[in-house]
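Peer 1: Model the full structure from these sequences, guided by the hints.
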Amino acid sequence: MIPTPPGPGTGTEAAKIGAPPAVEVRDLHVRLDGVPILTGVDLTVAAGEWVTVIGPNGAGKSTLLRAVGGLLPAPDAVRIFGTPLGALRRRERARVVATVAQSPVVPPGMAVLDYVLLGRTPYIPPLGRESAADLAVVDEVLGRLDLIDFRTRELATLSGGERQRVFLARALAQGATLLLLDEPTSALDIGHQQEVLELVDRLRGQHGLTVLATMHDLSIAGEYADRMVLLAAGRVAAAGPPREVLTEQLLSRHYRAHVKVIPTPHGPLVLPTRPGRHP
Amino acid sequence: MHQALKRGPSFPPAVIVRPAGLRKRWLAVGAFAVLVALVAGVSLGPVSLPPGSVAIELLNLLPGVRLDSGLTEREIAIVTELRLPRVVLGLLVGGLLALAGGAYQGVFRNPLADPYLLGVAAGAGLAVTVVLTLGVGSGGALSGLPVTIPLAAFVGSLGAVTMTYLLGAAGGRSRSPATLILAGVAVSAFLSAGQTYLLQRHAESIQAVYSWLLGRLATAGWQDVRLVLPYFLVTSLVVLLHRRELDVLSVGDDEAGSLGLHPQRSRYLLIAAASLGTAAAVSASGLIGFVGIIVPHTVRLLAGSSYRVILPLSLLFGGAFLALTDVVARTVAAPQEIPIGVVTALLGGPFFVLVLRTARRVLT
Ligand SMILES: Nc1ncnc2c1ncn2[C@@H]1O[C@H](COP(=O)(O)OP(=O)(O)OP(=O)(O)O)[C@@H](O)[C@H]1O
Ligand SMILES: [Mg+2]
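Quick note, the sequences are listed as chains G and D, same order. Counting in the numbering used here, the first sequence runs from 1 upward without gaps. Counting in the numbering used here, the second sequence runs from 1 upward without gaps.
Don't read these hints as lab results, they were simulated from the structure. Incorrect hints may have been included.
Partial pick of chain G residues on the chain D-facing surface, computed with a CB cut under 7 Å [stated by the list, open to error]:
1) LEU71
2) ARG91
3) THR99
4) LEU113
5) LEU117
6) LEU118
7) THR121
8) ARG151
Glycine is no exception: its CB is placed at the ideal position from the N, C-alpha and C atoms.
Peer 2: Now the structure itself:
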């Protein structure tokens with residue numbers, strides 16, 4: 001087990017007493033349509049930890065999250081809280097793992113309330129209907145995400161950022177202990193971005209959630225993650241606390257980007273710079 | 001947001017909003033439509049009977065009810081042996097077609113899907129053409145058997161859907177619903193070509209084949225009802241039990257999978273059930289068009305776009321619609337009957353345009 005580094009909200013008691021990690025990926029290989037996408041990825045996320053996967057476009061971040069979420073056939077390479085994915089029934093898995101995909105389908109004609117209520121699907125008996133408790137959970141989540149006024153709006157009519165909060169609400173309504181968030185804040189303004197990430201972090205503290213996310217805003221990613229994993233070309237190029245992963249050398253090599261990394265008390269600040277100017 | 005967070009999670013929202021679902025009011029309207037169709041379908045015809053007396057006679061069919069309707073023996077026989085089975089068949093067939101159409105639209109996430117999408121029509125058409133042409137060619141020996149045409153239509157329908165499935169599944173794991181639709185197009189074209197060829201060679205059977213293709217509700221008493229009923233029960237049970245899953249499927253296979261569903265499995269189970277029901281409907285009454293599209297879309301526009309609303313109401317309104325259409329088909333040009341498929345299509349054509357215009361607004 002990888003020891004969790006010190007950091008805010010890293011009270012991973014479970015990890016310390018040797019409980020199984022929330023996510024354990026060992027030598028994961030994924031081929032899509034015959035194309036190798038992930039080639040031997042290892043990843044451990046301790047219970048209660050926040051790990052953010054970063055990497056350039058096409059590195060395989062979304063593919064990794066889909067595999068962890070059980071949406072790709074990789075039953076042996078992934079363990080969730082010690083259980084191989086393949087051994088979990090789908091409904092059980094859905095109560096433990098909730099996913100916000102990078103670009104979820106927006107069903108035509110569906111209202112926000114009904115969309116968020118879909119998150120309760122794993123709790124609704126196959127022949128039954130949603131209970132008052134399910135509706136209470138949905139209302140609570142809608143309230144937390146500032147979405148009460150949108151309840152009756154058609155999801156398709158919401159702005160990109162509003163939709164993203166609804167997608168997150170659906171995942172939170174699922175009541176899972178492991179959240180897989182694929183760029184959950186890419187369309188949010190700076191204020192909502194902070195609010196949503198703060199909310200997720202607070203829920204993580206209150207309910208002992210584990211977060212595995214991907215993000216493209218590296219500075220913000222570094223502020224919220226306990227650890228980061230840099231994925232490049234289907235492999236793990238670096239892993240560790242933000243200050244070890246967000247280095248000028250690693251970023252310029254794997255992103256082919258010109259950046260300055262400025263250490264601050266909040267974590268490394270990644271500043272894109274124009275090549276050739278202000279040398 | 002700040003405020004929402006400060007109020008805390010237990011703060012109840014001021015206005016209670018109910019989630020989508022079948023409202024009792026709509027269920028009552030649907031049941032009422034079925035009753036109206038039942039009474040109107042039994043009352044109207046060459047001999048018109050007073051609807052009140054007909055309603056009483058219908059009540060008399062319930063166990064333990066014995067009321068005097070004032071109808072003669074002969075009129076009672078018309079009600080129970082001639083008209084009632086025909087109306088009931090209309091209710092079953094219309095309900096099945098509308099339900100299957102709604103299910104297909106959900107499974108394929110395509111508002112234009114109808115029950116004949118996967119080759120049911122072409123398969124039944126070819127099989128019936130084979131029976132009629134060969135039957136006529138061999139002196140009517142084959143077509144003389146009353147069960148042959150329904151049986152042929154049934155086998156032809158299911159054979160075509162199976163072909164579509166095998167062809168569409170050839171793509172392997174990554175096959176998408178669209179692959180299946182395209183396979184259905186290919187199979188339909190192939191089978192229709194076979195049918196056209198046969199008709200070219202046996203021009204004398206064209207009229208018989210077309211009168212079957214346009215659809216009609218059979219008048220063979222309770223026999224057809226008994227044949228369709230088991231399929232009706234199986235199909236509506238399977239499809240209605242999956243109504244919530246269809247709502248979940250509408251957010252995509254990945255999401256449905258992460259919500260604990262088995263999208264591919266549900267999809268194929270629903271396709272199988274809807275196809276079985278459609279095949280049974282087609283074998284009893286030929287190819288009745290448009291019901292499978294008109295009814296679910298009307299329900300969608302009026303009562304809501306959740307499949308928990310669309311499917312049960314399609315069953316009720318589809319049945320009522322077809323039973324009432326049959327009244328039009330057999331009274332407008334009495335004593336002749338207009339093929340019921342012509343009536344549904346005449347109503348369905350303009351309606352279809354309307355749906356397309358509204359769908360453009362709703363879907364994009
Ligand atoms: N079905 C598929 N067949 C072939 N290649 C695929 C398939 N799906 C994804 N890929 C490829 O796999 C690679 C990784 O995709 P993935 O979505 O995981 O990238 P990502 O790291 O999430 O990128 P982004 O930052 O743009 O979201 C990409 O090059 C993509 O084109
Ligand atoms: Mg991605």
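Peer 1: State for each hint whether it applies.
Peer 2: Status of the hints after comparison with the structure:
1. LEU71: holds (5 Å)
2. ARG91: holds (4 Å)
3. THR99: holds (4 Å)
4. LEU113: holds (6 Å)
5. LEU117: Hint holds; LEU117(G) Cβ to chain D Cβ min 5 Å, cut 7 Å.
6. LEU118: holds (6 Å)
7. THR121: holds (4 Å)
8. ARG151: holds (5 Å)
Comparing the model with each numbered hint stated earlier shows that all of them hold.
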